[in-house]
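K.L.:
Let chain A serve as the given structure and place chain B on it in line with the hints.
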Amino acid sequence: MNTQPLPLTEIWSYLSSGPLLWLTATLVAYLIGDWLSRTSGRQPLVNPVLVAMILLGALLWSTRTPYIAYFEGAQFVHFMLGPATVALALPLYANRLQIRRAMLPLIAALIVGSLTAILSALWIATALGIDGPVWLSLAPKSATAPVAIGIAEQIGGLPTLTATLVILTGIIGAMIVTPIMRLLRIRDWRARGFAVGVAAHGIGTARAFQVNETAGAFAGIGMGLNAMLTAIVAPYIVTLLMSP
Amino acid sequence: MILPISILLMCQLIGETVARGLALPVPGPVLGMALLLAGCIVWPKIAEIVMPAAQGILAHLSLLFIPAGVGVISHLDVLGSAGPVLLVVLFASTALALITGVLTFVAVARLCGDKPVPTEPQP
Numbered sequence: 001m002n003t004q005p006l007p008l009t010e011i012w013s014y015l016s017s018g019p020l021l022w023l024t025a026t027l028v029a030y031l032i033g034d035w036l037s038r039t040s041g042r043q044p045l046v047n048p049v050l051v052a053m054i055l056l057g058a059l060l061w062s063t064r065t066p067y068i069a070y071f072e073g074a075q076f077v078h079f080m081l082g083p084a085t086v087a088l089a090l091p092l093y094a095n096r097l098q099i100r101r102a103m104l105p106l107i108a109a110l111i112v113g114s115l116t117a118i119l120s121a122l123w124i125a126t127a128l129g130i131d132g133p134v135w136l137s138l139a140p141k142s143a144t145a146p147v148a149i150g151i152a153e154q155i156g157g158l159p160t161l162t163a164t165l166v167i168l169t170g171i172i173g174a175m176i177v178t179p180i181m182r183l184l185r186i187r188d189w190r191a192r193g194f195a196v197g198v199a200a201h202g203i204g205t206a207r208a209f210q211v212n213e214t215a216g217a218f219a220g221i222g223m224g225l226n227a228m229l230t231a232i233v234a235p236y237i238v239t240l241l242m243s244p
Numbered sequence: 001m002i003l004p005i006s007i008l009l010m011c012q013l014i015g016e017t018v019a020r021g022l023a024l025p026v027p028g029p030v031l032g033m034a035l036l037l038a039g040c041i042v043w044p045k046i047a048e049i050v051m052p053a054a055q056g057i058l059a060h061l062s063l064l065f066i067p068a069g070v071g072v073i074s075h076l077d078v079l080g081s082a083g084p085v086l087l088v089v090l091f092a093s094t095a096l097a098l099i100t101g102v103l104t105f106v107a108v109a110r111l112c113g114d115k116p117v118p119t120e121p122q123p
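Going down the list, the protein sequences come from chains A and B. Numbering follows this note's numbering, with no gaps: position 46 of the first sequence is 46. Numbering follows this note's numbering, with no gaps: position 55 of the second sequence is 55.
For reference, chain A alone in the conformation it holds in the complex (with noise of 0.2 Å):
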């Protein structure tokens, strides 16, 4: 034990080379975005994990705290991302009747909403000239992390930038999805959970969660679907949009 106090530059370069402090940070940034998440009313613009990240980021940045020093401490709870993928079996089994009911809407939901997210992001970018490396790191933005990833490695796309995209599709998915579905009059959990999973990932279904049980379990399956099916076909539709 030391005996003498020490001056907060020590206490800082001892916290901030252990684990601790960017743990609790990362707990305390999500807190203060959930409750003003809360206290707006589960606004979709005041999204948590855009909140907690603006927070973070900004103290990372007027810290001068490199991110792979900061994910020295959060890489805790970035953990717990797999035993919580696992997890969305719970919510599938509480709601296998109604999952069986609906296997075509499903189905037919999955392919029409996968298949959109990935061409009309190549089509839209190309008719904005992007191209290259660039444009093929666009293709698995809507499937869930790790498998968006792989999937870039193996076309060709660049997989830093692809994690980028992902994360922010889904940032973007879970703002806008409460208010496209109140202009579509769309009333239907089942639907409304199903298509966020499918086009914004995990993201997306933690925002469905938020609002309704049965809108997080279809999000959840439709983030599991997706990421199977994005991984099927986008190899197949970049070489054909590629070909002359």
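What the hints contain is simulated information worked out from the structure, not anything from laboratory work. What you are looking at is a predicted structure, and each value in this text was computed from that prediction instead of being measured. Every residue, glycine too, gets a C-beta built ideally from N, C-alpha and C. There may be inaccurate statements among the hints.
Unchecked claim - Listed below are several chain B residues computed to face chain A (Cβ distance under 10 Å; list not exhaustive):
| hint | residue |
| --- | --- |
| 1 | Ile41 |
| 2 | Ile46 |
| 3 | Ala53 |
| 4 | Leu64 |
| 5 | Val78 |
| 6 | Gly80 |
| 7 | Leu98 |
| 8 | Phe105 |
| 9 | Arg110 |
P.N.:
Quick look at chain B alone, frame taken from chain A:
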């Protein structure tokens, strides 16, 4: 507390092993999810054990994306000069995928003469 978490981790572990061993295009945790679902159907007791922990984790699913999200904020420069254009692409494409997906679901459900049943009570 420890038992449900061990069950989740074991399913993920088996999923990762199978996915990598057979070079499947599916991530390990997704296979783990399928395995746990099968387990719950065979032994409903498993669902009872894991449900509270699963609900606890899924209620805070957003939290788990923050570390990767902070990575995006810290590495926004990978978007390069194409950044604004890429954001337009993501907005438009995600909106289109949401609209076509949800309309297809609703249309096919109507064709099948199927209506959403009220949400089942959680066990």
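K.L.:
Now tell me if each hint is right for this structure.
P.N.:
These are the hints, each one checked on the structure:
no.: 1; hint: Ile41; in the structure: 7 Å, holds
no.: 2; hint: Ile46; in the structure: 9 Å, holds
no.: 3; hint: Ala53; in the structure: 7 Å, holds
no.: 4; hint: Leu64; in the structure: 5 Å, holds
no.: 5; hint: Val78; in the structure: 5 Å, holds
no.: 6; hint: Gly80; in the structure: 8 Å, holds
no.: 7; hint: Leu98; in the structure: 5 Å, holds
no.: 8; hint: Phe105; in the structure: 4 Å, holds
no.: 9; hint: Arg110; in the structure: 9 Å, holds
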